[in-house]
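These protein sequence lines map, in sequence, to chains H and S. When the count follows the UniProt record's numbering, it moves up by one through the first sequence with no breaks and lands on 198 for the last residue. When the count follows the UniProt record's numbering, it moves up by one through the second sequence with no breaks and lands on 310 for the last residue.
Source of the hints: derived by calculation from the structure; they are not laboratory data. Here a beta-carbon is modelled for each residue, glycine too, at the ideal position from N, C-alpha and C. There's no promise every hint is true.
[Unchecked claim] Interface residues of chain H toward chain S, partial, derived using beta-carbon atoms under 7 Å:
(1) ASP36
(2) ALA38
(3) LEU96
(4) SER97
(5) PRO101
(6) ALA102
(7) ASP107
(8) LYS110
(9) PRO112
(10) ASP133
[Unchecked claim] Below, computed lysine-lysine pairings styled on DSS-like, alpha-carbon distance capped at 25 Å:
(11) S:LYS303 <-> S:LYS62
(12) S:LYS151 <-> S:LYS51
(13) S:LYS158 <-> S:LYS303
(14) S:LYS87 <-> H:LYS110
(15) H:LYS166 <-> H:LYS110
(16) S:LYS158 <-> S:LYS100
(17) H:LYS166 <-> S:LYS286
(18) S:LYS87 <-> H:LYS166
(19) S:LYS151 <-> S:LYS100
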Amino acid sequence: MAARPLPLWAKPLLFALCTVPLLHAAWRVYQGEAADPADYLTRESGWWALALLLATLTITPLVKLGHWPQLMRLRRMLGLYAFAYASVHLAIYLLLSGGDPAIIGDDIMKSPYIVVGFSAWLLLLPLAITSTDGWMRRLKRRWSQLHRLIYPASMLAVIHFWWLTKSDMRQPLLFALLLGVLLAWRVWRHRTQRTRGA
Amino acid sequence: MPLIRLSDPSAPLPSEITPQAVYLDRRRFLATGAAGVAGLLLPEAHAAPLKAAPGPYSLKEKPNSLDEITHYNNFYEFGSSKTDPAKYAGQLVVDPWTLKIGGHVARPLTLDYDQLFRIAPLEERIYRLRCVEGWSMVIPWIGVPLASLLKQVQPTSKGRFVQFVTLERPSQMPGQRTDLLPWPYREGLRIDEAMNPLTLLAVGLYGETLPKQNGAPIRLVAPWKYGFKSIKSIVAINLVEQQPTTTWQQLAPNEYGFFANVNPEVDHPRWSQANERRVGEFSRRKTLMFNGYGEQVAGMYSKLDLRRWF
Chain H
1 MAARPLPLWA KPLLFALCTV PLLHAAWRVY QGEAADPADY LTRESGWWAL
51 ALLLATLTIT PLVKLGHWPQ LMRLRRMLGL YAFAYASVHL AIYLLLSGGD
101 PAIIGDDIMK SPYIVVGFSA WLLLLPLAIT STDGWMRRLK RRWSQLHRLI
151 YPASMLAVIH FWWLTKSDMR QPLLFALLLG VLLAWRVWRH RTQRTRGA
Chain S
1 MPLIRLSDPS APLPSEITPQ AVYLDRRRFL ATGAAGVAGL LLPEAHAAPL
51 KAAPGPYSLK EKPNSLDEIT HYNNFYEFGS SKTDPAKYAG QLVVDPWTLK
101 IGGHVARPLT LDYDQLFRIA PLEERIYRLR CVEGWSMVIP WIGVPLASLL
151 KQVQPTSKGR FVQFVTLERP SQMPGQRTDL LPWPYREGLR IDEAMNPLTL
201 LAVGLYGETL PKQNGAPIRL VAPWKYGFKS IKSIVAINLV EQQPTTTWQQ
251 LAPNEYGFFA NVNPEVDHPR WSQANERRVG EFSRRKTLMF NGYGEQVAGM
301 YSKLDLRRWF
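Kindly produce the complete structure, drawing on both the sequences and the hints.
Structure follows, in structure tokens:
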């Protein structure tokens, strides 16, 4: 099968598209459309962090099922944007709705969903640091092993969203189902490949 | 006398914003709408000005802006997002309205829309509102003590609890077309809580009738309890013998209790209740026991284990 090249504009376009949610949210706050800016920015950045994390996990299935290896070149950017949105999310929580460190400490320790969300961010941190070509070369096989941390990080992120939601579970459920499909596909593929190899 | 919020002398009076003629014309406007428009998506006449004397227990804290109070709401009848009520509550028809007060009372009562505003002399009360989700506001309500209504219907000795029911009208309340909550929304108070002078039946805020997203035409305000207790758009108040089922308790009894008193020492299973963020502010503050109303209400719970009866 002939490898379809990735159009030249694909990467710059994706780069620009990924900034849209942040710019849009900032614009709405600037226009005074968010009654509670701290809450609005926290929710938007968190939602997009999770969505981009799942988008990152969608690349490999698309590459394999669509026989389009060039698509893999978009994965790093999506992953880094997911981390960027997660970092903005964390920063907004700490800076815009935090205040007194003692109060934040208490809030984090007593709120399991914050512990879970913060753990997800911590797992993503080494992945962002080692996302460069240099680190890929240096870590060799270890690199892909390390980057499997995206699986527990995504699970924690979904649990974070699930636990913080008071009652309308439609969105957390949708994210959980999507993640379930993406992970189940990987398990299935791992098993079938092993049987074929044997 | 408690401290009273002094109004800004340069601010326009509500009556300067909505001409009296427009307000008085609302019935004709409605009649035209009801006759012709099937969708009823036209807004009703604008909120009407309400005159109220300053009441007791008002805070001297600065109230949240009208924009914040009307655009950051939990009113699941219109959707689960904070912005849904402002978007979708406009279609709710609140006039005509019927509020029935019955159950174990000597004199059952039915009030129509206009009578809601004549239960007792209207008072302005600037109260804190603390949501169970960890945010809070300060709101200048207009209303009457619930006790003033209960005294009129004369609860009998069997009336040990007060049950409240919200309107169920899926045609105008899109959230009720989903199973977000078991409809209609129900709440309840113990009779002593209902008779407490802090407990308010609100019919307005910021000098005007209640905006629909805030629970027009009449809602409960129990400021020492988490916000979900302060049921909106009430159509029935029943005096009952047994502790009534309440919506959030029914949905998640391990997370939301019947009492739901604001208590920084008893956390929600999934988050801390020790602190809160005032809507519009950028840092958290400590949550006060009974939301700062301990002086008025703590006596009612002296024999209650607040950890168990959360």
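Enumerated hints in conflict with the structure, sorted upward: 5, 6, 10, 11 and 14
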